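In the order they appear, the protein sequences are chains P and C. Residue numbers for the first sequence follow the numbering used here, so the first one is 2 and each next one is one higher. Residue numbers for the second sequence follow the numbering used here, so the first one is 2 and each next one is one higher.
Hints are computed from structural coordinates only; laboratory data are not their basis. As the structure is a computational prediction, the values presented were derived from the model and not from experiment. Among these hints, one or two may not hold up.
Same chains, same names: a pair is fine if it fits in one copy or spans any two.
Said to hold, decoys possible - Under the rule of at most 20 angstroms between Cα atoms (straight-line distance), these lysine to any residue pairs were calculated in the SDA-like manner:
| hint | residue 1 | residue 2 |
| --- | --- | --- |
| 1 | Lys248 | Phe502 |
| 2 | Lys151 | Cys196 |
| 3 | Lys248 | Asp520 |
| 4 | Lys571 | Asp649 |
| 5 | Lys571 | Glu674 |
| 6 | Lys151 | Asp36 |
| 7 | Lys373 | Thr96 |
| 8 | Lys571 | Ser672 |
| 9 | Lys59 | Cys196 |
| 10 | Lys59 | Val497 |
| 11 | Lys248 | Val497 |
| 12 | Lys571 | Asp650 |
| 13 | Lys514 | Trp326 |
| 14 | Lys571 | Gln676 |
| 15 | Lys57 | Phe502 |
| 16 | Lys57 | Val497 |
| 17 | Lys684 | Asp649 |
| 18 | Lys272 | Arg295 |
There are 2 protein chains.
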Amino acid sequence: MMVELEGVGNAESANRPTLAPTLASACDAGIESRDFDFHESSQFVEYLNSLGPLSKSKTLLRWILLLSVGALTGCVGLCIDVMVDNFFWLRCVLTDSMVELNIFVQYLVYVGVCMALAAVAGFLVCFVEPLAAGSGIPEIKCYLNGVDLKNVCRLRTLIAKAVGVMFSVSAGLPCGKEGPMIHSGAVVGSTVATCANLSLLRSYRIELEVRDFVTSGAAAGVAAAFGAPVGGVLFAMEEGSSFWNPKIMLRTFVCASCAAFTISFLMAGLKDVHAWGLMGAHFSFGHFGFNTWRLWELPIFMLMGAMGGLGGAAFNASNTVLTRWRMRRIGSRGKRFAEVLLVTGVIASVNFAFPVLMDGCVPFADLSDEAKLFRQPGTQVINILFHEGEMREFYLFIFGSVYYVLACWTYGLRVPSGLFVPSLLVGASFGRIVGQWMHSSPLPPSSPGIYSLIGACACLSGMARITISLAVILIEATGDTAWSLPIIATVLTAKVVGDVFNYGLYDIHIHLKRIPLLDESAEPAFMHHTARDVMTREVTTLEPTMRVGTLLRHLGNNNHHAFPVLRSGKYVGTLKRSTVHQVLVSGREYGIFQPAVCRGAAVPFIEILRQYPSFPSFREVQEHLCDVHDHYVDLGPYINHGGYTVPDDAALVRVYMLFRGMGLRHLPVVSHEGQVSGMITRKDLILIEDAPDARCEQSAHDGAEGARWRGVAQSWPPLLAQSDDQVSHIA
Amino acid sequence: MMVELEGVGNAESANRPTLAPTLASACDAGIESRDFDFHESSQFVEYLNSLGPLSKSKTLLRWILLLSVGALTGCVGLCIDVMVDNFFWLRCVLTDSMVELNIFVQYLVYVGVCMALAAVAGFLVCFVEPLAAGSGIPEIKCYLNGVDLKNVCRLRTLIAKAVGVMFSVSAGLPCGKEGPMIHSGAVVGSTVATCANLSLLRSYRIELEVRDFVTSGAAAGVAAAFGAPVGGVLFAMEEGSSFWNPKIMLRTFVCASCAAFTISFLMAGLKDVHAWGLMGAHFSFGHFGFNTWRLWELPIFMLMGAMGGLGGAAFNASNTVLTRWRMRRIGSRGKRFAEVLLVTGVIASVNFAFPVLMDGCVPFADLSDEAKLFRQPGTQVINILFHEGEMREFYLFIFGSVYYVLACWTYGLRVPSGLFVPSLLVGASFGRIVGQWMHSSPLPPSSPGIYSLIGACACLSGMARITISLAVILIEATGDTAWSLPIIATVLTAKVVGDVFNYGLYDIHIHLKRIPLLDESAEPAFMHHTARDVMTREVTTLEPTMRVGTLLRHLGNNNHHAFPVLRSGKYVGTLKRSTVHQVLVSGREYGIFQPAVCRGAAVPFIEILRQYPSFPSFREVQEHLCDVHDHYVDLGPYINHGGYTVPDDAALVRVYMLFRGMGLRHLPVVSHEGQVSGMITRKDLILIEDAPDARCEQSAHDGAEGARWRGVAQSWPPLLAQSDDQVSHIA
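Only chain P is shown next, with the shape it has when bound in the complex (with noise of 0.2 angstroms):
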């Protein structure tokens, strides 16, 4: 379609409506991957060298700029308690109001507050920011793998979900702040990097210090979220970031460590006027003031480990179903606004009824405990199932099993939600009867309350498959380390069993949202493949210097993000598009366009990043290069020609792990006589789920010899055995 470019001047004008759209389409239709590698080009190094090494002022700096990320993450924390208590506050004086009147009109009412509320979360997700739904990590943990999901870490996102989770909660939907508050965290993390980095520090590689101030945001979430830490480092690591070294786990630690710090003293401050100042009394799930437990109890403690792992697996079986429906079926935003309002209508109608069906109509302080757990927030209920008096098993049992439907069905749902809180509170309340038989036996008396907390464990091991963060982040939240065999033996417990079925609830999201991310380690079929296998024939290539023309048809023809160089067909390194179209765009007034083949000019490096992280679309790179479509330009300065290559019959593992150790974005396939014969990205290395269909298409595209890659079929969910075996040597 872009031949006829070639040597034509301005005429190919007319032909740019057509292709500009079908470019523009294929990038913002597919997701596209980050690149945490560095491009080496001469030009590059040249520029790192006229930095000189970060000079103390800037390192303080950095310092500083974390710091800031964890008090504001500790603010953003304390704001959501803060207006949830409120929110709550509000609705109980509301309601209790309307109990001298008809229980219709108190029943409207809670109602209609409930679903006022969850109208703000509802709208601000869907129809202001659609990525602002659910609890976030599955994104961040996208994010910090090197998927490049469009919006995720701007500052509109972080306003829908920190908002919106604060009237989602306060609708006394069954979620929770939790996961929220790590995606706000790390939005917090990612907007003071990009801002400081373009103006005050002068950075070295914008990707990678972004990227690392969001693990520590997330990071910083979580100890906002729950006083932890060490829990939030752990998560962070465990759950989220996939490059990880001594020097990120610091800084993740400093800024979890203000975070945690923030909103410690903010909160014993306002809870108490006599209080500011006063440290470390306040445990986000209350302390335990005994911390002794008997060996025979472990069996029980890993039995419920094991009944979690399975309740918490039907969960994820269950939600999966849910949430493919919900793909199929509610796809326009007022039909997802409209389910939003339903399920909370719903859900209130149930928190309304099942307290008056117990104690009647009557003021919420007078409702009895176990009234009381369907109308106040999560976190207050697991302070109650933690640390309150005896309760009647049976209401509990009612009210955990409703509570596992609800937030089964609440998880998916278009608000801002987490699945923290809705998974230990189930947990907590079938653990807490548990606990009050064992009390009732002859048995020596142990507390119900840490039968509560195990149960917690287990549930939420058994839906979201986290190990030794989650127990760090409960030891926390309760404050005594006492109590850390017992819970480490149930999450692995819950972990085990629940693997056997399917995987983790976020994982599956992922999944369900065809993501690619890269595990840790390679599929076992890895091994037996090799680059060949996978990479992309059609490659288009650049030359070192080329006509303007030539180079606009090259770049016009395809939506690739990368182009190997070839000097007499010998491959000598990469250009990224990005840079290519930067160059073009600035390169008139640096002299780089010349009648003739010459060397010299260059576009330096500072003006390259000028628009970072967006770049000038084609059709600016057309419009700017009407004139000089016969004049030759030197791409030599910007050529990475150190960059990661593989020959062709390299095992794909290595490729994997090259990809996922290195933070690759594109790889290119070179074979030992330095020919180029493919290159690999990203979505080659994911096994697409039943897509048999897939195969036979490709199959028949490609002949049988290059069937592609992506069509061969992955069972899911897959069995314990494969998911550990031989590729996880390796990889």
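With chain P held as given, fit chain C onto it using these hints.
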């Protein structure tokens, strides 16, 4: 020398005696590197395919092995604890029985007992296994980084270390069992893994599997030493492991929890027969019953952190000077042993004299609290300083100062000795002084014990520069998360202040031993150099099919451990010396030596593993091949044809990232045209300290242009700003 080998049949045997020792001594003397990458020869891939995925029972077996590593490490820890307690009791009884006699006799008995105990520890280190000296943490760090320190992880080292540390701690030397426990755990892990891999588990990547077991074992060691499973995992991450992912984290966590469980269970039962099965009540450093602090205390904590950083830096600087002196002057085994006896004699005299000066010549039980500090085992003293009542500040000051000097003198002595306990002790005694001042001030009362805890954190972090794992270890060892924020603030301040002056003590000792440890990020200078600048140009290349005589000549000419393979001058892959030797020795029975070039016959992969981890020497190879020098051998099936390569002009940062990230041992430098220009090994990536001489020599040798990299002098100690600059963004 070996040129005449070719074509002379058996005549070359005359040359063997000269060649073989050269090769052997070069291998023995130098520190070699481990190879954690996999060698994807066609034969290895076939072998993997024949194995299929790891069965469920084998996966289960691996978990059982991990649990047994934990349990065994716990038992080792328990033995050390029990023996130290018993020896202490014995020393008390012996000394007390002399109270009635002349004080000089009592002194002789005390010092005699101490020296006898120390003599056992010294003997084990000086005459049985030199690697059992010191804490072992630097050695494990190097092992996990990929440095092949011979014997670090064998059973004899474990015995020397574990038994030795019982005696060195019992001898009253200012050292702890914690570092040696970590080393012991690592050896347990390695031993279990090596045994099991070779028989029970069909292992796919033995080297990797062993490495992960060593990591888990090290974490189990921390867990057993402090009762801190989470701290153990974090320690393994922060200080130990260079390779990390959530799967390793989970395994490490399970193993560490098992160790903590084992020791906690057995300890409870052994201390009190009625407490068998009662868990959770034991904390290594005792439990603080209260948990509030005030905001204005934070600056004081941080100031204490800063003092800890200064004190730690001074400690490290003095110990560096002392260690250098030791390396120059105390070379022979006898001298080393004598030093152990001398130092123990002096320290025992000090420990005997101070209590006598303070309280006179009375039995141990009648000594004052302050005097007891000099005589009790370290862990008990820490408990006293944290939890007991008022003490006289002057005596505390003397104790802290004396212990500081003695600990500095002891670290590096040829006995197994940990840094943790002496360091915590010094910090705790100074911290307690601050705490008592604060307690007697008109400010709201706070516990001196907390200040003692903070002082301990500050001092250890100032010496070892550990942050997050130290914080978590101390939180777990005192059982209360309320102090996490003050602890975190303190350790971070101590690290920041200390890093201004020098590195942590473990890193200093690694550096002094000139071990090529690859830090988590490359040196700043690496950005401005390319692979060409550091590579070894003298590369011996092989061909896929070779005459046996030619191959032998190539193998005999050098001591390289890997050879690039060229086909028609183009690089096609690499061959490991170990593989080639084993193939040549085992080849005859598989018929791989043929009079003419022929393909098809190959030694199966399992045969190549036969002598793992060692392999036949060159002399053995020569002996096996006397009569086939004119035959041909096809090396094709053993070539690793997918390994990483870099082009000549790849930035050194990239090379470093590959080495560090992928655990490489050899990296061929291959031009874009497919020619091999050189080879890079781990040692080429180390900047040598204070080596201007080496630089001049090398420059003179290679010419100005080819000046070898290792000659570049590095400023030492580096300032903080330098260690945190541009390249840290990149790597």
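Each hint, compared with the structure:
1. In this assembly of identical chains, Lys248 and Phe502 lie within 20 angstroms of each other by CA distance solely across copies; the values are 19 angstroms between and 37 angstroms within a copy.
2. In the homo-oligomer, the alpha carbons of Lys151 and Cys196 lie at most 20 angstroms apart inside one protomer (18 angstroms), although the nearest pairing across protomers, at 50 angstroms, exceeds that limit.
3. Within a single copy, Lys248 and Asp520 get their C-alpha atoms only as close as 22 angstroms, which misses the 20 angstroms cut-off; across copies the closest is 11 angstroms, which meets it.
4. Proximity of Lys571 to Asp649 under the C-alpha cut-off of 20 angstroms is found in both arrangements, the shortest distances being 15 angstroms within a copy and 15 angstroms between copies.
5. With identical chains, the CA atoms of Lys571 and Glu674 are at most 20 angstroms apart both within one copy (8 angstroms) and between copies (7 angstroms).
6. With identical chains, the CA atoms of Lys151 and Asp36 are at most 20 angstroms apart within one copy only, with a shortest distance of 14 angstroms there and 39 angstroms across copies.
7. Only within a single protomer do Lys373 and Thr96 lie at most 20 angstroms apart by alpha-carbon distance; the minimum there is 14 angstroms, versus 67 angstroms between protomers.
8. Taking identical chains as interchangeable, the C-alpha atoms of Lys571 and Ser672 lie at most 20 angstroms apart whether they share a chain (10 angstroms) or sit on different chains (10 angstroms).
9. Only within a single protomer do Lys59 and Cys196 lie at most 20 angstroms apart by alpha-carbon distance; the minimum there is 14 angstroms, versus 51 angstroms between protomers.
10. Taking the shortest Cα distances, Lys59 and Val497 sit within 20 angstroms of each other only across copies (15 angstroms), while inside one copy they are farther apart (46 angstroms).
11. Proximity of Lys248 and Val497 under a CA criterion of 20 angstroms is satisfied inter-copy only: 13 angstroms between copies versus 31 angstroms inside one chain copy.
12. Taking identical chains as interchangeable, the C-alpha atoms of Lys571 and Asp650 lie at most 20 angstroms apart whether they share a chain (18 angstroms) or sit on different chains (15 angstroms).
13. For the homomeric pair Lys514 and Trp326, the shortest alpha-carbon distance inside one copy (13 angstroms) is at most 20 angstroms, but the shortest distance between copies (63 angstroms) is not.
14. Proximity of Lys571 and Gln676 under a CA criterion of 20 angstroms is satisfied in both settings, with 5 angstroms inside one chain copy and 12 angstroms between copies.
15. For the identical chains of this complex, Lys57 and Phe502 are inter-copy neighbours only, at 15 angstroms across copies versus 52 angstroms inside a copy, given an alpha-carbon limit of 20 angstroms.
16. In this homomeric assembly, Lys57 and Val497 come within 20 angstroms of each other (Cα to Cα) only across copies, at 13 angstroms, whereas the closest approach inside a single copy is 48 angstroms.
17. Taking the shortest Cα distances, Lys684 and Asp649 sit within 20 angstroms of each other inside one copy (18 angstroms), while across copies they are farther apart (30 angstroms).
18. When the C-alpha separation of Lys272 and Arg295 is checked against a cutoff of 20 angstroms, the pair qualifies only between copies, where the shortest distance is 16 angstroms, while the shortest distance within a copy is 37 angstroms.
Against the hints set out earlier in the document, no violation occurs for any number.
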